[in-house]
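Colleague: One-letter residues, chain by chain:
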Amino acid sequence: AQKITQTQPGMFVQEKEAVTLDCTYDTSDPSYGLFWYKQPSSGEMIFLIYQGSYDQQNATEGRYSLNFQKARKSANLVISASQLGDSAMYFCVMKNWESGNQFYFGTGTSLTVIP
Amino acid sequence: DVKVTQSSRYLVKRTGEKVFLECVQDMDHENMFWYRQDPGLGLRLIYFSYDVKMKEKGDIPEGYSVSREKKERFSLILESASTNQTSMYLCASSLAGGFTGELFFGEGSRLTVL
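Line order of the protein sequences matches chains A and B. Take -4 as the starting number for the first sequence in the working numbering and just add one per residue. Take 14 as the starting number for the second sequence in the working numbering and just add one per residue.
A hint or two may mislead.
[Said to hold, decoys possible] Pairs of lysine-lysine, DSSO-like flavour, derived with a Cα cap of 27 Å: (1) B:Lys70 - B:Lys31; (2) B:Lys70 - A:Lys(-2); (3) B:Lys83 - B:Lys66; (4) A:Lys68 - A:Lys(-2); (5) B:Lys84 - B:Lys68; (6) B:Lys68 - A:Lys(-2).
No lab work stands behind these hints, which were simulated from the structure alone.
Can you build the whole structure from these sequences, using the hints too?
Modeller: In structure tokens, the structure reads:
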């Protein structure tokens, strides 16, 4: 069965510091993609970053980077230079070739940035 | 600007009422999804549709039905709302198949059933 695990229900980080949000996944399909979404208190889900299983390099998008360790089946999100506006829920999501149309969600990590 | 639009941000309904949640996307996506989000439970898939008039049950379809008469529109129907259906409902769309292509979400609909 496909599975996404986020073990940190809540995290705190000081403004301007870096923070890592953990995500592990479980799939036997060699072809898969990993996504991270941000959900502020307003409720909308914002796509942050994508990593494909065949990508050789870790994905980066501005202050977001994905620490992809394929052998460990982990896809941790790193946010550098945290800002107050980064306070939100963060979801790790997987899609694979077998499932085609379905996405698998972790339970999320609530990040609070402290001034 | 690509968009998924949900008809209502906030709804308050009474037990037993029929509730329609509408979702429209302008990206010509084949796939559309309805999720329910509750604290501590993350997002749970109610139904998804991969083509017009096609649908598949997700993890928690009980008490819900869906309709997709046009490619751009996917409706979630609560035939007889109950208090345990009070939740945040998120609609999303994506391109079909493969393992790339992210989900695009609407702003969500917060439903309260009294």
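Colleague: Hint by hint, say whether it matches the structure.
Modeller: Structure-based check of all given hints:
no.	hint	result
1	B:Lys70 - B:Lys31	holds (20 Å)
2	B:Lys70 - A:Lys(-2)	holds (18 Å)
3	B:Lys83 - B:Lys66	holds (8 Å)
4	A:Lys68 - A:Lys(-2)	holds (11 Å)
5	B:Lys84 - B:Lys68	holds (12 Å)
6	B:Lys68 - A:Lys(-2)	holds (23 Å)
The structure agrees with every numbered hint stated previously.
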